[in-house]
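Chemist: So the sequences go chain by chain: X, L, D and Z.
If you count the first sequence from 1, position 135 lands on 135 in our numbering, and the numbers rise without skipping.
If you count the second sequence from 1, position 17 lands on 17 in our numbering, and the numbers rise without skipping.
If you count the third sequence from 1, position 5 lands on 5 in our numbering, and the numbers rise without skipping.
If you count the fourth sequence from 1, position 310 lands on 310 in our numbering, and the numbers rise without skipping.
Mixed in with the good hints there might be a few duds.
[What the hints assert, rightly or not] Subject to a maximum C-alpha distance of 25 Å in a straight line, what follows is the list of computed DSS-like cross-link-like pairs (lysine-lysine):
{"#": "1", "chain 1": "X", "residue 1": "K666", "chain 2": "X", "residue 2": "K855"}
{"#": "2", "chain 1": "Z", "residue 1": "K267", "chain 2": "Z", "residue 2": "K288"}
{"#": "3", "chain 1": "L", "residue 1": "K47", "chain 2": "Z", "residue 2": "K64"}
{"#": "4", "chain 1": "X", "residue 1": "K125", "chain 2": "Z", "residue 2": "K52"}
{"#": "5", "chain 1": "X", "residue 1": "K125", "chain 2": "Z", "residue 2": "K288"}
Rather than coming from a laboratory, the hints here were simulated on the basis of the structure.
Residue strings, one per chain:
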Amino acid sequence: MRRLAAGGAIDRTRPLGFIWEGRKLSGFAGDTIASALLANGIGVIGRSFKYHRPRGVYGAWTEEPNAIVDVALGARHDPNARASLVPLEAGMVVGGVNAWPNVRRDALGLIDLFHRFIPAGFYYKTFKSPSWGAFETRIRAMAGLGVMRPEPDRLLYDTRHVETDVLVVGGGAAGVAAARAAASAGLGVMLADDRAAWGGVLQAEGGVIDGMEAAAWAAAAVGEMRGATLLGRTTVFGAYDHNAFGLLEQRRDAAGGWAEERVWLVRARQVVLAAGAIERPLVFPGNDRPGIMSAAAVLQYVRHYAVLPGREVVIATNNDTAYATAAALVAAGASVTVADARPEAPGRDGLRVRAGCVPVGTGGRHGVKWVDLALRDALSNRERVRCDLLAISGGWSPSVHLHSQAGGTLRWDDAAAAFLPGVAREGWHLAGAVTGPVGLGAALGQGHAAGVAAAAALGRVVHVAPPETPARAVEAPIGAMWFVDVADRRQWIDFQNDVTLGDVALAARENYASVEHLKRYTTLGMANDQGKTSNINGIAALAAMTGRAIGEVGTTTFRPPYVPVSLGALAGMRHGRLFAPIREVPAAADHLANGAVMREYGGWRRPAAYLRIGETVAAAIAREAASVRQGVGLFDGSSLGKIEVAGPDAAAFLNVMFYNEVANLKVGRLRYCLMLRETGVVFDDGVVARLAAERYLLSPSSSHTEGVLAMLRAWQQTEFPAMRVVFHDVTAAWATFAVSGPRAGVLVGRLSSDIDIGDGALPHMAVAEGVIEGLPGRIARVSFTGERGYEISVPARHGAAMWRHLLGLGEDVTLYGIEALSVLRAEKGFILIGTDTDGMTLPADLGITAPLRNKAVDFVGKRSLLTPDALRADRRQFVGVLPEDPGFVPAVGSHAMVDGRSVGWVTTSCHSPALGRSIGLGMIEGGRGRIGETMEIFHLGKTSRAVIGEACHFDRAGERLHG
Amino acid sequence: MLRLPCPYCGERDEPEFRFAGEPAVRPGSDVGDAVWAAYLYMRSNEKGPHREVWSHAGGCGQFFLLERDTVSHAVLRALRPGEAS
Amino acid sequence: MAEMAAAGLAEGIAGAGVRVTPVEAGRIWLVSGVEMPANTVAGGQYWLAPGRVLVVGGAVPEGALVSEVGDGFVVLDIGGARWREILAMAGTLPAGALEPGMCAQTLFAGVRMLIAGRDGGIRVFVERPLSAWLLDWLRQAATSFV
Amino acid sequence: MRYSALSLVRQGLAGQTGWPQAWRSPSPRSVYDAVIVGGGGHGLATAYYLAKNHPRRRIAVLEKGWLGGGNTGRNTTIVRSNYFFPESAAIYDFALRLYEGLSQDLDYNIMLSQRGILMMGHSEHDMELMTRSVNAMLLNGIDVELLDAAQVRAEVPLLNFEPGARYEIHGGFTQRRGGIARHDAVAWGYARAASALGVDIIQGCEVTGFDIVDGRVAGVRTGLGRIAAGSVGLCAAGHSGVLAGMAGFTLPIQSYALQAMVSEPVKPVLDTVVMSAATGMYVSQSDKGELVFGAGLDLYPSYAQRGNLPVERDVIAGMLEMFPAFRRLKLLRAWAGLVDVCWDYSPIIGPAPVGGMYLNCGWGTGGFKAIPAGGWMLAHLLATGRHHPISAPFDLGRFTSGRLIDEAAGAGIAH
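Assemble the whole structure, with the sequences as input and the hints as a guide.
Modeler: So this is what it looks like as structure tokens:
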């Protein structure tokens, strides 16, 4: 066991049993899976992506490249969890991934023997014949890490949208100091840190602030902040336009059925970035064995998790930070040798320090056993040192991800051997290790100053003094070392994707010399950790290989998310029924009670057909259509748009908006009109009613109501601001029912109403307002079925009751749905926008040409009707398509063919109960000139024949409207 | 995620707005094909400061002119239609 | 047939810290030709756009165009200790936009709505056809509170 | 040196030190017969086909950043030719046929995986529009099949067939020859082959202006100095408008950000490309195991190649509606390309209003799948000054005549 007897921020009173690769182990509350595995002496926890080399835990937090594991707990399963980030919970079942039979003994480890022949990008140079497809299946099976479970995840995901005065990213020394200052100025502060406790690395590195132990100071400072939103266990994963941020919180208090992940979408007026820095590995031959870990991570495992990853430790470093790890290890009873790459490395009491030395080789298959050290410059004085832990530190890279995403610039600093933030974005203030190597004092000072600056930018003054900490010895500068200049180029830069120094040399040799080419050609930095440990080492190696300065090579683009974020969390509640809103008609419950099959049409849920017991949808449609022709049918048209247009200039304005003439429409009359886009394309059709000299009522199709309203407003506000016309969308306020059929008049006559529905007072295409069954309403003579038709509108609240009442007015009333209506209108040859028409259809294609000839005033789209293409003779025109075989219904979407070429298509087809045969409508090139012609109809390789005819197949004279 | 200033409702988030094209002066219906095609289809499509028409569709439904940098997405100016542009 | 039953309003929702109660707001009119400061509420009159307001309750208003639309809305009061969290789940309305006397039209869970500030919560005016969907959304959102 | 398994073994024994440069990086000469502006897939393909089909020309490709760094390096790698109009089917299928032989032709494995592409229908109306498209494509000679719901379920069992799903799956149609290809490899393959045929590929060379003498282009002004040119080809997707502005004309193009995302790599779960118009998303699984997905445009003009949350969350919600099992996977990376979109969603290929200058742009969201054809057509224009029969319908003049090729409308999306 590697667990230390005492210490650590774990709860030794709460042991947590879990399963690792089928074996029962245990850790404590406060462990991560990684710390628990290390505590149980587990060395190999995974295999690298390409060569399947054994991988152990390397890091302690988001930098971890190796510890990808499969974690299952109850309903939760994560095939690619990072062990260093997952808090251990009782009963967790954890397993390695991408290895067979298991990570300890992985058969695919044999691939490593052929590494010479499969360098970076080898797959571009081979697998070309017979074809990539011949090899792909096997290669795909070897790729990928975890195994996704096919069952849907039923958890619910929460999302929060909030604003804040100051967002502080990072709750370490600098972040807490900044938040403390800003909060004292009375500002709304949101402090986010991805760890469970405040203080960040202070827990491990210690120190004294304002006389208190550092981590205790952090906790106290946060506790005293009034009005702050404190988000622990929360990662700021992305910076977007206008200071918008995406945050991922790992909650512990999620309600039953809700996932622990919650996404916050935050808008901040001022931003303090105190995200710290990430330690880089040293690059040397054989630096990828299990037991080779980040020195900073080892410090956290010893101090925070009371885990001693090794007893015989060699520390290889090129900077001072690793000496804190050395001290902690010695205090925990380990024997420590330090190889410091810098010639004049400072001596430390109780430590064997070998100055100017670097690792040049390692040994140990499933865990490091020894490391060869040698003098860096001459690579002489080679000495093998036994060890079971090799803690390495190659320097620190500031976490400038968010700064860069938001457009902040970067500059290479040789002294710090790092890309430091250059010009920050307006309203951003950077503090702490993100600005470069800083001691605790500097970090606190910068943090406080950032809080003061943020407050000042919002016109506020800070009311706390900056935190004090005793001065510390200034750290000696880093001795940058990017790799060991030996023939053995198997020096790992990206541990997960197995990218070595040799691969960078190959990329440089083949002229993949841009940093972006290096990344894409070698896959460097494209793994789960997105290059947190590998990018800078890769850039430095490329610079050396191509004779350029590191700053000149530059970095690849920092992209969200900072850590992988679950897709379910990003989708939030938009799932299942709640994926997208849908509108209901007022009588919805009654439709269902009467056997309606409800479907979505244009954003509304509407009855497609009303099924009787044992009836199929097709049979119901035919029955409904036939009964409307013979008797009387009732249809729910409540979803039809209703836009009131009023004002002294209403008539003039609408005359520009519509294709048809509407200014001369008499009061109390209706007219069927088209509305065009400026391109001349038919955008929508519908009935226009003139209710008064200065008041119209438009009824656009259900799916186009919002679009028509937006178009009216756009033109009035931007093109005709002087016109006195206003628009009211009253669609939802009215329920509208169509009563259609030869006996429709009889049924409507039974309504108690002051509206005279006699043909004299209310002829076809007329409308009257009045009182119906004690309710204010309208009756309009309009028909989309071709039968005598009445549209009855009453306030929506009474819609269901009115529908039931109408149904009860006669025993022979048949309910008909949209599908039957579609058959009836097809028999009449009436168009359906979006079915018969599309994004290219002009009015003349539908045979509606009078307005273009007669209308004096210019209207929307008019000029587009006169372009060469608009006047082309072979445009597709709307015609009837009568199948030669009356029993055969051609599929909608069949094409009319002339010697193998499509000359148009069938837009509508069905069996017509009224005609006792199949009918169709279509858009056919030069269609009106082909009346009477028989054409070949093509569908999925089979052909049939049909005769082109008039669109209207039934009651061409339209007598039934008035009969 | 953009934060745009509706001239009437103040600043709101991107999902409430719709881009409604570049402001264009509508020629008469007697112009030549090329002039009409330019009005319909040609775009200035500036890289940098760009004049645009937007609507606050998810709010008050009003249309307004916006000068916006198409690289940084910085909002330069928001004007009610017809306001001194 | 005067006793047409008023369409049954959706029953309320009572989650932990969240209460959604339907409101019988009386008659409502959409009125054009009336100016008032943007996004404010005064005496049952809610700003919608320049020259357009929603008038709730009281006598029939005057205006260039007056349309009775009470039947087109379902009015809900959202309250309870954690109503602000429901608002934060549904949209990005700035906090300051809902002080008493203020109103705003915005996307709430993707649905366009008029929202007015009240003490202890908000009053929302949602299009009747979308009210069922919204209540489904609110029901699910309310289960997120323990 | 030819690429092959044998050469890999031989080089392996020599520590992989013997490989030559994949392409040369010369400094620009002062004059070329043809200068191609834009070093992405289309530009490099143009250079290759110009050098190969019309030899004995001095050709340069000018790329302001790194080759393949524009949309070629940012798209979701889908290849298909299931287009509605004969003109579109001709050019996209010409590209797909070139793709099918490209690895051998370029001696560079572009990892073309013809795993099929499945477009889904979520209503009877969707299926009717799809039938119209399928029949049009069959008549265009494109290999497509209409599928009912059961057949879709057999192809991709992971899809959401739960009753009461918000967008039930009614069926769909598939093009078996569609699929994906490794986008970077297409750029690198063409660059290597073109360089070998003598084309000068000049990176870090931004065009800042044109020399136009009485209506005809004579040269290009760049960050690395002036270059004289007999003819100039523009194929800098996203920046077409900027280049046109420098040459004194405007284009019917608006530049939009088109976002794309990848998940963490998992073992194979999805063996075909799936697209759903209703939820607006498309997804495939890369050979490395990441899900690669995207959707429609961010619908406001932008030159910022940055991802953005609203459309990103819509895309993800849409994909999860189709694949509820993906909810547990994690987003690894999100970015955006910069596409120039024409009103009719078809490209602009042909002479520019300036003599000696030719356009290959306006590909909108469909540029990657058309790279080989775009290159072949622009090469033909640069070499002959005349349209290839396949490119003629896509001339800039179509906007004045109104003879648009509106693929969106063809597919029933009225806009």
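Chemist: A separate judgement is required for each hint: does it hold in the structure or not?
Modeler: Do the hints match the structure? See the list:
1. X:K666 with X:K855: Satisfied, since the Cα-Cα distance of roughly 17 Å is no more than 25 Å.
2. Z:K267 with Z:K288: holds (9 Å)
3. L:K47 with Z:K64: holds (16 Å)
4. X:K125 with Z:K52: At roughly 21 Å apart (the allowed maximum being 25 Å), K52 of chain Z and K125 of chain X satisfy the hint.
5. X:K125 with Z:K288: holds (17 Å)
Violated hints are absent here; each numbered hint is respected by the structure.
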